[in-house]
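Novice: Starting from the given sequences, assemble the full structure and let the hints guide the process.
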Amino acid sequence: MIQLIRGFKDILPGEVELWQHIEKTAATLFEEFGFSEIRIPIMEKTELFARSIGEDTDIVEKEMYTFPDRKGDLLTLRPEATASVVRAYIQHRLYAQDPVRKFYTIGPMFRRERPQKGRYRQFYQINAEIFGVASPLVDAELIFLLVTLCERLKVTDVAAHINSLGCPACRPDFKQALSVFLAGKTALLCSDCDRRRDRNPLRVLDCKVPACREAMIDAPSLHDYLCAACRAHFETVKATLDRLGVAYRVDKRLVRGLDYYTRTTFEIQTGALGAQSAVAGGGRYDGLVQALGGPDQPAIGFAIGFDRLVEIVGLNPADLVRPPDLFMAALGEKSQQMAFDWMCALGRQGVRAEIDYGDRSLKSQMKRADKLSARYVLIIGEQEAAQGKATLRNMATRDQLEIPLERLVEAVRETIQP
RNA sequence: GUGGGUGUAGCUCAGUUGGCAGAGCCCCAGGUUGUGGCCCUGGUUGUCGUGGGUUCAAGUCCCAUCACUCACCCCA
0 MIQLIRGFKD
10 ILPGEVELWQ
20 HIEKTAATLF
30 EEFGFSEIRI
40 PIMEKTELFA
50 RSIGEDTDIV
60 EKEMYTFPDR
70 KGDLLTLRPE
80 ATASVVRAYI
90 QHRLYAQDPV
100 RKFYTIGPMF
110 RRERPQKGRY
120 RQFYQINAEI
130 FGVASPLVDA
140 ELIFLLVTLC
150 ERLKVTDVAA
160 HINSLGCPAC
170 RPDFKQALSV
180 FLAGKTALLC
190 SDCDRRRDRN
200 PLRVLDCKVP
210 ACREAMIDAP
220 SLHDYLCAAC
230 RAHFETVKAT
240 LDRLGVAYRV
250 DKRLVRGLDY
260 YTRTTFEIQT
270 GALGAQSAVA
280 GGGRYDGLVQ
290 ALGGPDQPAI
300 GFAIGFDRLV
310 EIVGLNPADL
320 VRPPDLFMAA
330 LGEKSQQMAF
340 DWMCALGRQG
350 VRAEIDYGDR
360 SLKSQMKRAD
370 KLSARYVLII
380 GEQEAAQGKA
390 TLRNMATRDQ
400 LEIPLERLVE
410 AVRETIQP
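Numbering that gives the first Met the number 0 numbers the first residue of the first sequence as 0 and each following residue consecutively.
Simulated from the structure, these hints should not be mistaken for laboratory data.
Note that beta-carbon positions come from the ideal geometry of N, C-alpha and C, so glycine has one too.
Among the hints, a few may not be true.
Stated by the list, open to error - Label pairs and their computed distance ranges (CB to CB):
| # | residue 1 | residue 2 | range |
| --- | --- | --- | --- |
| 1 | G244 | F66 | 40 to 50 angstroms |
| 2 | E36 | D68 | 19 to 29 angstroms |
| 3 | D68 | G313 | 41 to 51 angstroms |
| 4 | T65 | S178 | 24 to 34 angstroms |
| 5 | T390 | R113 | 52 to 62 angstroms |
Specialist: Shown next as structure tokens:
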């Protein structure tokens, strides 16, 4: 038997209703806040990701699905969406009429990591990006959006974490100070951190190994090195969140794995997902549009881990499936034919009707109707057909009434539609 | 890439010192010849993950391999 690829999964009926509900809830919220949907391809030239995410990030170094196409071009299954949205913004000159644009997109991403709880090789993200606004107000707006989405989806046990990573004017100073500090701690660090020390010292701050955390207690704080502009920006973000009543924690160790982030970064974290604490994450990437050949426009965005969100929403998928309005139990060939025709007529008018396609006893058809949780059952047998009427049974109350066949579709609609 | 745990019916899982592969749920039919849920009776469902080895005999012991899963790393 051929099985699906490791780390990939099918989303089956029973669970897919939850996915649809989340998708609709998110799309509605984004539209309410002025975002437009943008759909981007799932493959891009490898170079796009290498240049935007960063050559020596884990994603680019070892997690991408990359292959040459027949012409020899190196292509990659997208590991994230932001690079493509930025590419589209530049390529179609979406900044020309109005540099301020708000986009959202929903779709699959691919990273070749070892699967575990809340992590798959094909996983889904809901992304939102805002271009052309340098104001810290939009930083707060995006965090507010995330928190609001969690509320609407009845997600509990989540907390917003925020941080500022500085900008090209001040981050180098901090990196320098950090490197000096780390040089004196070499003996205490885990092997990974020792390796990270010169390639990407910021990530040592994020290490979860207890010994490293211990060693980093008196590490220089990035916040002490922020330039006046970055400091003011971050203060406004915090003040705005306070005004909006959004709870958050400033987390100085919130570094993030993609190179393009500047200034504000944030995550929505949960304790309900085992080792995977991040349900959503994002940040400002003011230099990326220009770095990829576009105009010097600031930008900020986030990604929500759809698969992770599904696991923590406080909704029961069983409550989201819509059972049929009507089940038609027909006995005899002629009745079955009539029932089939009515089913089609009702379906066209938006009534969810079902029949049993086999030739089974009334009892077994009733059982099936019950199993499907049909609200009503229409019984049509030889007696009814002879008398020109059918029996409509309310399954909850067990009340039954007679319906004339000639205006059956209308009568059924009137009775069962609330 | 590294480490731990788990693979037996569609699902959840038993299976003793190696001795005929099981239960519950689900599904189907009947009890009730035209009325669901509860109950009763009967029935269907297996490369025991895969390949090798030990043995008279392997679901059980040994080796390998694959898959799933959790964790490390990193991230959504």
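Novice: Work down the list of hints and note, for each, if the structure agrees.
Specialist: To see whether the hints hold, each was checked on the structure:
1. G244 / F66: 40 to 50 angstroms: Because 48 angstroms falls inside the window, the suggested range holds.
2. E36 / D68: 19 to 29 angstroms: Because 28 angstroms falls inside the window, the suggested range holds.
3. D68 / G313: 41 to 51 angstroms: 44 angstroms Cβ-Cβ, so the 41 to 51 angstroms window holds.
4. T65 / S178: 24 to 34 angstroms: For T65 and S178 the Cβ distance comes to about 31 angstroms; the hint holds.
5. T390 / R113: 52 to 62 angstroms: holds, 59 angstroms
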